[in-house]
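*Asks:* Sequence:
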Amino acid sequence: MTDNAHNSHLPINPDTVPSFETMTNVATMDTSHVNKDTPPFILVDGSYYLFRTYHALPKMMTTTGQHTNAIRGTLNALLKLMRRYHPTHMAVCFDTRAPTFRHQLSADYKASRPPMDIELSQQIPYLHRLVTALGIPLLRIEGAEADDIIGTLAYRAVAEGHHVVISTGDKDMAQLVNDCVILEDSFTGKITDSQGVVDKFGINPEQMIDFLTLMGDSSDGIKGVPGIGKKTAQDLLNKYGTIDNILQNLADVKGRGAKSLAEHAGDIPLNAQLATIVTDLDIGQDWSDLQLNTDPCAHVDELRALYSELEFKNELASLDHPNHPANGQGSKGVAASQAATEAQAQIEKSLQSTKIDNIKNSKNHDKAWHTILDMPAFDSLIEQLENSAHFVIDTETTSVHWRQAELVGLSFATQAHEAYYIPLAHSLEGDALTTKQLDRDTILSRLKPILENPNIGKIGQHLKYDAHILSRYDIDLLGSIHDKPNNWAMDTMLASYVINAAITRHGMDDLARHYLQTQTISFEDVAGKGAKQVSFDQVAIDIASDYACEDADITYQLFKIFNQKLANDDNNQKLLHELEIPTAEILCQMEAEGILIKRPFLNELSKRFDEEIIVLEQRAYEVAGEEFNLASPKQLGEMLFDKLGVIGGKKTKTGQYSTGEAVLSKIDHPLVDIVLEYRSLAKLKNTYTDALDNVADPITNRVHTSYHQALTSTGRLSSTDPNLQNIPIRTATGRLIRQAFIAPEGRVILAADYSQIELRLMAHFSGDENLTRAFNEGLDIHTATAAEVLGKTVEEVTPTERRNAKAINFGLLYGMSAFGLAKQLQMSRGEAQDYINMYFNRYPSVKEYMINTRASAYDKGYVETILGRKLYTPDINNSNRMVKQAAERAAINAPLQGSAADIIKLAMIAVDKVLPKAQAKMLLQVHDELVFEVDADKAADISKLIKNAMQEVLSTTAVASGWQVDFAVPLLVETDIGSNWDEAH
DNA sequence: GCATCATCTTA
DNA sequence: GTAAGATGATGCG
Numbered sequence: 001m002t003d004n005a006h007n008s009h010l011p012i013n014p015d016t017v018p019s020f021e022t023m024t025n026v027a028t029m030d031t032s033h034v035n036k037d038t039p040p041f042i043l044v045d046g047s048y049y050l051f052r053t054y055h056a057l058p059k060m061m062t063t064t065g066q067h068t069n070a071i072r073g074t075l076n077a078l079l080k081l082m083r084r085y086h087p088t089h090m091a092v093c094f095d096t097r098a099p100t101f102r103h104q105l106s107a108d109y110k111a112s113r114p115p116m117d118i119e120l121s122q123q124i125p126y127l128h129r130l131v132t133a134l135g136i137p138l139l140r141i142e143g144a145e146a147d148d149i150i151g152t153l154a155y156r157a158v159a160e161g162h163h164v165v166i167s168t169g170d171k172d173m174a175q176l177v178n179d180c181v182i183l184e185d186s187f188t189g190k191i192t193d194s195q196g197v198v199d200k201f202g203i204n205p206e207q208m209i210d211f212l213t214l215m216g217d218s219s220d221g222i223k224g225v226p227g228i229g230k231k232t233a234q235d236l237l238n239k240y241g242t243i244d245n246i247l248q249n250l251a252d253v254k255g256r257g258a259k260s261l262a263e264h265a266g267d268i269p270l271n272a273q274l275a276t277i278v279t280d281l282d283i284g285q286d287w288s289d290l291q292l293n294t295d296p297c298a299h300v301d302e303l304r305a306l307y308s309e310l311e312f313k314n315e316l317a318s319l320d321h322p323n324h325p326a327n328g329q330g331s332k333g334v335a336a337s338q339a340a341t342e343a344q345a346q347i348e349k350s351l352q353s354t355k356i357d358n359i360k361n362s363k364n365h366d367k368a369w370h371t372i373l374d375m376p377a378f379d380s381l382i383e384q385l386e387n388s389a390h391f392v393i394d395t396e397t398t399s400v401h402w403r404q405a406e407l408v409g410l411s412f413a414t415q416a417h418e419a420y421y422i423p424l425a426h427s428l429e430g431d432a433l434t435t436k437q438l439d440r441d442t443i444l445s446r447l448k449p450i451l452e453n454p455n456i457g458k459i460g461q462h463l464k465y466d467a468h469i470l471s472r473y474d475i476d477l478l479g480s481i482h483d484k485p486n487n488w489a490m491d492t493m494l495a496s497y498v499i500n501a502a503i504t505r506h507g508m509d510d511l512a513r514h515y516l517q518t519q520t521i522s523f524e525d526v527a528g529k530g531a532k533q534v535s536f537d538q539v540a541i542d543i544a545s546d547y548a549c550e551d552a553d554i555t556y557q558l559f560k561i562f563n564q565k566l567a568n569d570d571n572n573q574k575l576l577h578e579l580e581i582p583t584a585e586i587l588c589q590m591e592a593e594g595i596l597i598k599r600p601f602l603n604e605l606s607k608r609f610d611e612e613i614i615v616l617e618q619r620a621y622e623v624a625g626e627e628f629n630l631a632s633p634k635q636l637g638e639m640l641f642d643k644l645g646v647i648g649g650k651k652t653k654t655g656q657y658s659t660g661e662a663v664l665s666k667i668d669h670p671l672v673d674i675v676l677e678y679r680s681l682a683k684l685k686n687t688y689t690d691a692l693d694n695v696a697d698p699i700t701n702r703v704h705t706s707y708h709q710a711l712t713s714t715g716r717l718s719s720t721d722p723n724l725q726n727i728p729i730r731t732a733t734g735r736l737i738r739q740a741f742i743a744p745e746g747r748v749i750l751a752a753d754y755s756q757i758e759l760r761l762m763a764h765f766s767g768d769e770n771l772t773r774a775f776n777e778g779l780d781i782h783t784a785t786a787a788e789v790l791g792k793t794v795e796e797v798t799p800t801e802r803r804n805a806k807a808i809n810f811g812l813l814y815g816m817s818a819f820g821l822a823k824q825l826q827m828s829r830g831e832a833q834d835y836i837n838m839y840f841n842r843y844p845s846v847k848e849y850m851i852n853t854r855a856s857a858y859d860k861g862y863v864e865t866i867l868g869r870k871l872y873t874p875d876i877n878n879s880n881r882m883v884k885q886a887a888e889r890a891a892i893n894a895p896l897q898g899s900a901a902d903i904i905k906l907a908m909i910a911v912d913k914v915l916p917k918a919q920a921k922m923l924l925q926v927h928d929e930l931v932f933e934v935d936a937d938k939a940a941d942i943s944k945l946i947k948n949a950m951q952e953v954l955s956t957t958a959v960a961s962g963w964q965v966d967f968a969v970p971l972l973v974e975t976d977i978g979s980n981w982d983e984a985h
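Under full-length UniProt numbering, the first residue of the first sequence carries the number 1, and numbering increases by one thereafter.
Any given hint could be a false lead.
[What the hints assert, rightly or not] Cut-off 20 angstroms, straight-line C-alpha distance, at most; resulting in silico cross-link-like pairs (SDA-like, lysine to any residue): (1) Lys574 x Ile499; (2) Lys666 x Tyr678; (3) Lys436 x Thr504; (4) Lys367 x Glu160; (5) Lys947 x Thr975; (6) Lys917 x Glu888; (7) Lys574 x Ser955; (8) Lys884 x Thr504; (9) Lys847 x Phe810; (10) Lys651 x Ile667; (11) Lys666 x Gln656; (12) Lys598 x Ile586; (13) Lys666 x Phe819.
Hint data in this document are derived by calculation from the structure and do not stem from the laboratory.
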C-alpha cells in the first residue's frame with residue numbers, strides 16, 4: 001500500500017531523473033554506498049519554521065511596523081544548521097499558495113486550515129530574499145508542497161551518495177527516515193533517526209505511510225480508517241507489517257478494527273496517496289545548483305541591506321565577524337565531524353563574547369536613562385517609586401561577594417526603557433561628577449520606608465544579593481514571608497529557572513540575549529578584565545550610569561516577559577511565588593546567620609594532619625627510591641606502573657595512568673597504602689580544615705556559605721564559598737571536621753533529615769505495592785528489598801545481601817544499568833543483570849516507572865516533579881548513543897531528585913513559619929537535611945515542632961499553596977541533637 | 001593568569 | 001548509574 005502519488009498535474013518529468021524508478025520510497029532505499037564522512041545534505045522545511053516560529057516567538061516589529069519574529073526565528077534555525085554541519089549542499093523549501101494535487105484528490109485536504117495571518121504573510125518575501133542572500137538555494141514549486149520537494153531531493157541525494165539531514169518538525173516526514181536520513185528540528189533541538197521513529201511512533205520508518213493512512217491526520221484533513229487510532233494502527237502494523245498484508249489477513253484481525261477496515265478499505269488508496277510524500281518531482285533545477293554559494297562576498301551587500309531594513313542589529317554587526325556562517329564557511333572544504341563540532345563550539349564561544357567596542361556608542365538615546373545628582377531629581381524619583389505598584393531595584397557594589405561588598409550606587413526602573421541611577425560612592429580620581437554625588441545616608445534613609453513597604457513589589461535579578469547588600473545598611477528588603485502580600489514581586493533569575501532549569505546560565509546578560517535579543521553592556525566593558533579590572537567605585541559615573549540603568553531597564557523588560565509567560569502557566573507561577581521566592585528569602589537569612597566553628601580545634605587538626613602527611617611523604621620516598629610529588633596523579637602513575645613495575649595499570653581518556661581510589665585499592669603494594677592515606681589526609685587538610693579556617697569571619701568565627709538557587713538541572717540547591725554540603729561524614733577521621741561545627745554557649749546543634757526520601761518518592765511515583773508496603777510497615781528498606789528479592793524473611797537477610805540490595809536501590813534512583821551495578825558491586829555484568837531481573841520480578845511497577853519516564857521524556861521533552869516543575873531533557877534524542885543514554889538515566893533520576901528538592905524547600909518554608917526565632921535559627925540545608933542551632937533548654941520541644949512541620953508538609957504548606965499531593969507513603973523525619981554537627985547527625 | 005583534568009567529598 | 005564543588009597539577013598563552 002505504498003503506491004506513490006502519481007498525478008498528471010504534477011510537474012513530473014521522468015527524463016530528468018532517468019535512472020530512478022517511479023516506485024520510490026526513501027525509507028527502503030539501499031544506502032550502502034553513502035559516505036557519512038562528508039557533511040550531510042541539508043534539506044530545510046522552510047514552511048515549518050515559518051509557522052512554528054511565528055506562533056511560538058513573541059511578536060517583534062521594526063520601527064516601521066514590519067513584523068519580524070518568523071524571519072528571525074527561521075534565520076536562527078538556518079544559521080544554527082550551517083554552524084553545526086558546515087554543509088556544502090543545502091536547500092530551503094517552501095510551500096506555495098497554489099493548490100496541489102492533494103487538494104484535487106480530496107476536498108477535505110487541509111480544508112480546516114484558517115487563512116494565513118497578514119502579519120505572517122508579510123514576512124514571507126523578506127524570508128525568501130534572506131535565504132537567497134545567505135547563498136542557500138531556495139525551492140518553491142507550484143503544485144507541490146515543501147514536503148514533496150524535500151522527499152524528491154532526499155531520494156536523489158541518497159542515490160548520489162549523500163547522507164541527509166531534513167530540518168523539520170513535521171512528523172509526516174518520518175516516512176523519509178532511514179539510516180542515512182535523519183530529521184532535526186532546529187527549533188526544539190529534537191533529532192529523529194530510525195530508532196527515534198520507532199521510539200516515537202512504535203513502528204518502523206518504512207511503515208510510516210501505512211501508519212498515517214490507517215490513523216489519518218485531522219490537521220491535514222486525512223480521514224484515516226474510523227475506529228483505528230494510534231494504538232490500533234501500531235498493533236496492526238507490528239503484527240502484519242503492511243496494510244496490504246492486513247487486508248489479506250482480514251479474517252484474522254480481531255476487534256472492531258476489522259469491521260471498520262472492511263467497510264472503509266475503499267478509502268485507503270486515496271488516504272495513502274494523500275499521506276505519501278512524493279519523491280520523484282521534476283524540480284526543474286539543475287542538481288549542481290544545489291550547492292551553497294560559499295563566496296563570502298557574493299551576497300554580502302544584499303544581506304547587509306536586509307539586516308539593516310529588518311533592524312537585525314546583532315546580525316548586522318556579526319557580518320563583519322569572521323565567523324559568520326555567511327562568510328565563506330564552506331570554503332575550507334570537507335570538515336570531519338569532530339572538527340565541525342570543535343569549530344561550532346568556537347563559534348558559539350566567540351558569538352557569546354561578541355563585545356561592544358565603544359560603550360558610548362552603545363547607549364541608545366531613545367531610552368530615557370537618567371543619573372540622579374541633585375535633590376529635586378531624587379525627590380521626583382521618590383514620588384514615582386511611592387506611587388508604583390512595583391519597581392525594579394538593582395544595587396551596584398565593589399564586589400560580587402556579598403560578604404565584602406560595599407554599596408556604590410542604586411538603580412531603579414518603574415517602566416520599560418526608562419531608568420535611574422543614583423551614584424553614591426564613586427571615587428575615580430579626575431571624574432568631575434564624583435563631587436556631585438548625593439549623600440549616601442540621606443538617600444538610604446529616604447528610600448528605607450519604600451524598600452521596606454510590603455505593599456510595593458520589588459523586582460530584581462538575583463534579589464537575594466541585593467537584599468544582602470541593603471541589609472548591611474539596615475534596610476530589610478526581605479520583609480517577612482508570613483504577612484507580605486506583594487513583597488519581592490519578581491526575581492527574574494528565579495523566574496527563568498522555574499521556566500527552564502536545563503538552561504545552564506540565568507545571568508541577566510544571558511536572559512537579555514535570549515529573551516530580548518539584546519547584547520547588554522558587560523561588566524568587563526566598563527570595569528576591564530583580569531588583573532586590570534577595577535571595582536565599580538572606580539568606574540566613571542557617566543559610564544557606570546549607562547551600565548546600571550541598562551541593568552534596571554533590562555530587568556524590567558524581562559519582568560514583563562516572564563509575567564506574561566507565567567500568566568499562562570499557573571503552576572510555574574506557583575513554583576515561583578510560593579516556592580522559590582519564599583525559599584530565597586529564607587536562604588538569605590541562613591547565609592547571613594552563618595554557622596559557628598571551633599577554630600582552635602580545626603587548627604589543631606590541621607597541625608596533626610600536616611605532621612602525618614610529612615611522615616607519609618618520607619615513607620613514600622623510601623619505598624619509591626626517589627622523591628616525587630605524591631599529589632601528582634601523573635607522577636604517581638609513572639612511578640607505580642613504569643618504574644616499580646606494578647601490574648594492573650589502567651589509562652584515563654587522556655592517556656595517563658588512572659590512580660583513582662577504585663584502582664589503587666585493588667593493588668597490593670606498600671606505596672599504595674601510603675598514597676591512599678596521604679590523599680585522605682591531604683584532602684581533609686586542604687579542602688576542609690585549612691579552608692574553613694580561612695573563610696570564617698575573624699570576629700564572629702562563623703562560616704557563611706552562598707546557596708545557588710538557579711543552578712542545578714533538578715531543582716536542588718548548591719553551596720559554595722565554602723561548600724557546606726559536602727562536609728565529610730563517612731570516615732572517623734572525616735567526622736572530626738564535622739565536630740568543628742558547633743553552637744554557641746547555651747545552644748545545641750539540631751539536625752533533621754528526611755529518611756530515604758528519594759526511595760519513598762519512587763514508591764509514590766511507581767505505585768509499586770511491594771515498595772509501598774515496606775515503607776508503610778516501617779521496615780528497613782534495604783533489608784526488606786533483600787528479603788523480597790531473595791524470598792527470605794527479613795531476619796534471614798545477611799549483611800552482604802543487605803549491602804547488595806542497598807546498591808540496587810541506589811542504582812534504581814540513578815537509572816541503573818547492569819554495567820554500573822556490576823562495577824559498584826564488583827561482580828560480573830551477567831550476575832548484576834540476574835540481580836536486576838530478580839528485582840524487577842518482585843517490583844514490576846518500578847520497572848514500569850522507568851519505562852514510562854523514558855517514554856515521557858521522549859514524547860514531551862521533559863519530566864515532572866511532584867510539584868509539577870518541568871525538567872527538560874534536551875539530550876534525550878542526541879545522536880550520540882552515550883549522550884542519549886546518559887540523558888535517559890538523568891530523566892529517570894530527575895523527578896526523584898527534583899521532587900525531593902521541592903519537598904525540602906516546602907519544608908524550609910513550613911519550618912520558618914513556625915520556628916520561634918528568638919530560640920532557634922535555621923542554618924544549613926544539605927539536600928535532605930536541615931541543620932539548626934537552638935536553645936539547649938528548648939531543644940526537645942523545638943525538635944518535635946520541626947519534625948512535625950517537615951513530615952506533614954505535603955498536607956499543610958503544599959496544600960495552602962494550591963498543590964494537591966496524595967502521597968503514597970509516610971514522610972519520615974529523623975532528628976537528633978548534639979553539641980556539634982557530628983553528634984547531631 | 002586561566003582552563004582542563006583527575007581526584008575526592010557530599011546527598 | 002544521578003546531582004553538585006574544591007583542590008592541586010598540568011599545559012597553554
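*Asks:* Work down the list of hints and note, for each, if the structure agrees.
*Replies:* Taking the hints in turn, this is what the structure says about them:
1. Annotation: proposed proximity of Lys574 to Ile499 holds, straight-line Cα distance about 11 angstroms (limit 20 angstroms).
2. For the hint linking Lys666 to Tyr678, the alpha-carbon distance of about 17 angstroms falls within 20 angstroms, and the restraint holds.
3. Restraint check: the Cα-Cα separation between Lys436 and Thr504 comes to about 41 angstroms, which exceeds 20 angstroms; the hinted pair is violated.
4. Taken as a hint, the Lys367 and Glu160 pair is broken in the structure, with Cα atoms around 55 angstroms apart against an allowance of 20 angstroms.
5. A threshold of 20 angstroms between alpha carbons decides the hint, and for Lys947 with Thr975 the separation of about 7 angstroms falls inside it, so the pair holds.
6. About 44 angstroms separates the Cα atoms of Lys917 and Glu888, which puts this hinted pair outside 20 angstroms; it is violated.
7. A distance of roughly 16 angstroms separates the Cα atoms of Lys574 and Ser955; the hinted pair therefore holds under the 20 angstroms criterion.
8. With a CA separation close to 18 angstroms, the supplied pair Lys884 and Thr504 stays within the 20 angstroms bound.
9. Restraint check: the Cα-Cα separation between Lys847 and Phe810 comes to about 14 angstroms, which is no more than 20 angstroms; the hinted pair holds.
10. Proposed proximity of Lys651 and Ile667 is supported: the alpha carbons are some 15 angstroms apart, at most 20 angstroms.
11. Annotation: proposed proximity of Lys666 to Gln656 holds, straight-line Cα distance about 18 angstroms (limit 20 angstroms).
12. Annotation: proposed proximity of Lys598 to Ile586 is violated, straight-line Cα distance about 25 angstroms (limit 20 angstroms).
13. A C-alpha spacing of about 19 angstroms is found between Lys666 and Phe819, which places the hinted pair at or below 20 angstroms, so the restraint holds.
Violated hints, listed in ascending order, are 3, 4, 6 and 12; each of the other numbered hints is respected by the structure.
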